Each structure stands twice: as structure tokens, then as C-alpha cells.
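Number of protein chains: 2
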Amino acid sequence: MKKGEATRREIIEKAAPIFNKKGFEGASLSDLMEATGLEKGGIYRHFESKEQLAEEVFDYAWNLAMERRMAGTEAIDNSVDRLKQILRNFREKREGLVAGGCPLLNTAVEADDGNPALRNKAKRAMTGLLARLESIVEDGKKRGEIKNGVDPEEIATLIVSTLEGSLMVNRLRERDAAMRVAVQHLEEYLEGMRGS
Amino acid sequence: MKKGEATRREIIEKAAPIFNKKGFEGASLSDLMEATGLEKGGIYRHFESKEQLAEEVFDYAWNLAMERRMAGTEAIDNSVDRLKQILRNFREKREGLVAGGCPLLNTAVEADDGNPALRNKAKRAMTGLLARLESIVEDGKKRGEIKNGVDPEEIATLIVSTLEGSLMVNRLRERDAAMRVAVQHLEEYLEGMRGS
Numbered sequence: 000m001k002k003g004e005a006t007r008r009e010i011i012e013k014a015a016p017i018f019n020k021k022g023f024e025g026a027s028l029s030d031l032m033e034a035t036g037l038e039k040g041g042i043y044r045h046f047e048s049k050e051q052l053a054e055e056v057f058d059y060a061w062n063l064a065m066e067r068r069m070a071g072t073e074a075i076d077n078s079v080d081r082l083k084q085i086l087r088n089f090r091e092k093r094e095g096l097v098a099g100g101c102p103l104l105n106t107a108v109e110a111d112d113g114n115p116a117l118r119n120k121a122k123r124a125m126t127g128l129l130a131r132l133e134s135i136v137e138d139g140k141k142r143g144e145i146k147n148g149v150d151p152e153e154i155a156t157l158i159v160s161t162l163e164g165s166l167m168v169n170r171l172r173e174r175d176a177a178m179r180v181a182v183q184h185l186e187e188y189l190e191g192m193r194g195s
Numbered sequence: 000m001k002k003g004e005a006t007r008r009e010i011i012e013k014a015a016p017i018f019n020k021k022g023f024e025g026a027s028l029s030d031l032m033e034a035t036g037l038e039k040g041g042i043y044r045h046f047e048s049k050e051q052l053a054e055e056v057f058d059y060a061w062n063l064a065m066e067r068r069m070a071g072t073e074a075i076d077n078s079v080d081r082l083k084q085i086l087r088n089f090r091e092k093r094e095g096l097v098a099g100g101c102p103l104l105n106t107a108v109e110a111d112d113g114n115p116a117l118r119n120k121a122k123r124a125m126t127g128l129l130a131r132l133e134s135i136v137e138d139g140k141k142r143g144e145i146k147n148g149v150d151p152e153e154i155a156t157l158i159v160s161t162l163e164g165s166l167m168v169n170r171l172r173e174r175d176a177a178m179r180v181a182v183q184h185l186e187e188y189l190e191g192m193r194g195s
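From first to last, the protein sequence lines stand for chains H and E. Following numbering that gives the first Met the number 0 from start to finish, the first sequence increments by one per residue and tops out at 195. Following numbering that gives the first Met the number 0 from start to finish, the second sequence increments by one per residue and tops out at 195.
Since the hints were derived computationally from the structure, they do not count as laboratory data. All of these numbers come straight from a predicted model, not from anything done at the bench. Every residue, glycine too, gets a C-beta built ideally from N, C-alpha and C. Some hints could be false.
[What the hints assert, rightly or not] Simulated restraints, written as ranges between beta carbons of each label pair:
(1) E:Gly40 / H:Ser134: 53 to 63 angstroms
(2) E:Asn77 / H:Tyr188: 17 to 27 angstroms
(3) E:Gly148 / H:Glu33: 26 to 36 angstroms
(4) E:Gly36 / H:Glu91: 23 to 33 angstroms
(5) H:Glu66 / E:Gly71: 44 to 54 angstroms
(6) H:Glu50 / E:Asp76: 49 to 59 angstroms
(7) H:Gly3 / E:Glu66: 54 to 64 angstroms
(8) E:Glu38 / H:Tyr188: 33 to 43 angstroms
(9) H:Glu12 / E:Glu73: 51 to 61 angstroms
(10) E:Arg90 / H:Glu152: 13 to 23 angstroms
[Stated by the list, open to error] Calculated lysine to aspartate or glutamate pairs in the DMTMM-like style (CA-CA distance at most 25 angstroms, straight line):
(11) H:Lys122 / E:Asp175
(12) E:Lys2 / E:Glu50
(13) E:Lys1 / E:Glu55
(14) E:Lys20 / H:Glu24
(15) E:Lys20 / H:Glu50
(16) H:Lys83 / E:Asp150
(17) H:Lys83 / E:Glu152
(18) E:Lys1 / E:Asp80
(19) H:Lys122 / H:Glu47
(20) H:Lys20 / E:Glu24
(21) H:Lys20 / E:Asp30
(22) H:Lys49 / H:Asp76
(23) E:Lys92 / H:Glu153
(24) E:Lys141 / E:Glu190
(25) E:Lys146 / H:Glu186
(26) E:Lys20 / H:Asp30
(27) H:Lys13 / E:Glu24
(28) H:Lys20 / E:Glu190
(29) E:Lys83 / H:Asp150
(30) E:Lys49 / H:Glu24
(31) E:Lys141 / E:Glu152
(32) H:Lys83 / H:Glu153
(33) E:Lys13 / E:Asp30
(34) E:Lys140 / H:Asp76
(35) H:Lys146 / E:Glu190
(36) E:Lys20 / H:Glu54
(37) H:Lys49 / H:Glu33
(38) E:Lys122 / H:Glu187
(39) H:Lys141 / H:Asp76
(40) E:Lys122 / E:Glu152
In isolation and in its complexed conformation, chain H is listed as follows (with noise of 0.2 angstroms):
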């Protein structure tokens, strides 16, 4: 890796946190060139803009999350269970994620007005993991894993609905109840799903 790209990564990794918790908005510039310890040109030799830098973040962290959510589950054969390896990951595995809580969750409600390049990237994000649901339940309709009935883009925006409703949740309340009380009902409903 070149030197201009490597500070080019190093300013992402550490403006990640700051629009993750911040917001477009609310993440100024002194807060990026604290966490970047570099000057405002130093920043922005390497990026066009601030909307360019949270473009980039945004990639950068849902990557990270998406990673996270399907890791060991392309080794899972039967897509019922592959399903509720992504619910457990969904829960379990939060280490190593950009601090402060699902990117799609923040960028879908901080840029759904007057940001259209993120809210763009957020949409492609949302598509993107409904996309790969739907076609592990369209798999196990295949291979009769999952019943004939079962319409695989309703499963797929039920299961991110409730899991992202459930992070919200979270916000406001002490424990993790929420995220436990989705994922468990979430893993029923999958169980009631599979195919004799």
C-alpha cells in the first residue's frame, strides 16, 4: 500500500466513530481533526469533501458490520440454520464493529432528508443484505429446507425490521432485553418454517 493510501485508511478507521455516533451533521470538524490528529488540509487532500470522507465511512463500517453478521455461515449447509447463525451473530458478535451502534440503522434515519449520496449508499446497503436473505430462503425452498409457502422477501424484511427495531430499543433502555426477546422469537418463527 502507497503512504497517501494507507493515511487515506487511517483517516476513515478514525473518522468512523465520530460520523457513527455523531451523525453527518453533527460531526464537525474539530471532532475529525481530533480523532485524525491532522489538520483540516491534511484531511482533505485526501478526500474532496466531508460528504466524499462519510461516503467512505459509511462503506468502511458497514462492510466491517456485514462481515460480522455472516461470518461461519457459509459453511452451514441447511439455510434454516444458516438463517439463525446470522440472528446469533447479529447478537453474539459486536467486537471489532465502528463504535456506535449499526451504521444502516444511524445513516437510515439521520440522512432520509437532504443527503441523497448517503441515504443512496444506505439504500444500496439495505438492498444488498434483504438481497442475500432472500436468497438463502429461495435456496431452502429449493432443496425443500424451507416450506413451499414461505415468501422470501417477506422473511427477509421481517428479520432485519425486527432485528434493527430491536437495536433501537436498546438505545433507550438499560439491558439488552430487546435484541434477546428478537432474536428468540425470530429463531421460532424460522423453526416453523422448515420444510418436512
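Fit chain E to the supplied structure of chain H, relying on the hints for placement.
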């Protein structure tokens, strides 16, 4: 209502969509001046600070949302049917709300770092919503309308997680599908809770 109080109320109503769409950080003084038609001094004659205005805006927006979501439910005797009415209200009664989506979702995600007063408002709102749903489940259990094994706190948490999460997914999708899927899923789940 005295004139000062009427002006105060008008400022809250006009500032509400700004805060709800742009967040506390994103709502600038010039946005607030444009929305209210007042100069800075005209706004801050009635509020000590942007924080205070934002807190009162949250209360206003949340009260409106709760009114809509609970509308007509007192008249329904059976507790399961009452919960189902709340789900339908959530999906359908969206006119008259403050523009910018659910104020609880917005505030939970945007005020989770660095804005303790607003965060406390959101925490109390969440606690109140959960308590309201829990008490309906508890009443239902006492009257034998809901099975004995059902945990009121779990059901309340699951309902709020699933609905709020579906609002988040909806923000990034073209159609209203996530909300429809969430409500239908919860309706079926609540049906399964009925006592014999």
C-alpha cells in the same frame, strides 16, 4: 390562552418538522427562523435555548403520535383486539403527524450520543409506550383472554421493535412493504396468544 403562550405554541408547531426531519444538530437557526417567520430574538424570548425548544418539540410530536396510535382502543374490550387496533393505527393513522417520521425512532438514533436531555425524553417515551402495551397484556391475562404463559414485557418489546424497525426499513425502500409485513406478522402472532 395568553398571547405569549399562543406564540410559544406556534413556534413549537412550526419548529417540529424541522427538528424531526433534520435532527437536533441538523436544525440550524436559519431553518428555525424561516419556519417560524421570527428573528432569533423572537424565538429565544420564549425558550431558554435550542435544547429547551427541542425538548418541547419532542413532547409535542410524541404526544401527537401516541394519540394517533392509541385512537379508539379504549372502546375495545378484548385485549388482543385492542393490541391489534394499535397495530392498525400504527400502519394507517399517519395523517396529522409531525412530518419526518416517528419522533421516537429519530430521537433514539440521533440523540444517543451527546444530548442527554433529549435522550432522557426519548427514554421516558419508550418506557411509557412499553408500559402501556404491557398493561394491556396483563389485563388480558387476568381476564383469560391471553394465555397464562405469555410474558407481557416480551410481547411489548417485540411489538415496538418490529414496528419501529419496519419504519426504518421503509425509509430506504420505495414501497410501504416492511410496515405491511410487520403488522401482518404481529397480528398472526397475537392471534396465537389468545386464551381458550
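- [ ] Decide if the proposed pair is consistent with the structure: H:Lys20 and E:Glu24, CA atoms, cutoff 25 angstroms inclusive.
- [x] Satisfied, since the Cα-Cα distance of roughly 12 angstroms is no more than 25 angstroms.
TODO: Take the C-alpha atoms of H:Lys13 and E:Glu24, compute the straight-line distance between them, and say whether it is at most 25 angstroms.
DONE: 21 angstroms, holds
Task: Cβ separation of H:Glu66 and E:Gly71, checked against the hinted range 44 to 54 angstroms - done: Holds, at about 46 angstroms.
TODO: Kindly confirm whether 13 to 23 angstroms is satisfied by the beta carbon distance between E:Arg90 and H:Glu152.
DONE: Cβ of E:Arg90 to Cβ of H:Glu152: about 18 angstroms, so the range 13 to 23 angstroms holds.
Open item on the list: Need the status of pair E:Lys13, E:Asp30: alpha-carbon distance at most 25 angstroms?
Closed with: 10 angstroms, holds
Task: Given hint H:Glu47 paired with H:Lys122 - CA-CA distance at most 25 angstroms - done: Measuring from Cα to Cα gives roughly 23 angstroms; hence the hint holds.
Open item on the list: Quick check on a hinted range of 26 to 36 angstroms for E:Gly148 and H:Glu33, using CB atoms only.
Closed with: Once the Cβ atoms are compared, 53 angstroms apart, the range 26 to 36 angstroms for H:Glu33 and E:Gly148 is violated.
Open item on the list: Check the hint pairing E:Lys20 with H:Glu54 against an upper bound of 25 angstroms on the C-alpha distance.
Closed with: Roughly 20 angstroms separates the two Cα atoms, so the pair holds.
Open item on the list: Please verify whether E:Lys146 and H:Glu186 have alpha carbons no more than 25 angstroms apart.
Closed with: Status holds; Cα separation ~21 angstroms.
Open item on the list: Between the alpha carbons of H:Lys20 and E:Asp30, is the straight-line distance 25 angstroms or under?
Closed with: Judged against 25 angstroms, a Cα distance of about 23 angstroms means the pair holds.
Task: 25 angstroms limit on alpha-carbon distance, applied to hinted pair E:Lys122 and E:Glu152 - done: 16 angstroms, holds
Open item on the list: So if I understand the rule, the pair passes when the alpha-carbon distance is 25 angstroms or less; does E:Lys1 with E:Glu55 pass?
Closed with: Holds: E:Lys1 and E:Glu55 sit about 18 angstroms apart, inside 25 angstroms.
Hints 3, 4, 8, 18, 22, 28, 34 and 38 from the list above are not met by this structure, while the remaining hints are.
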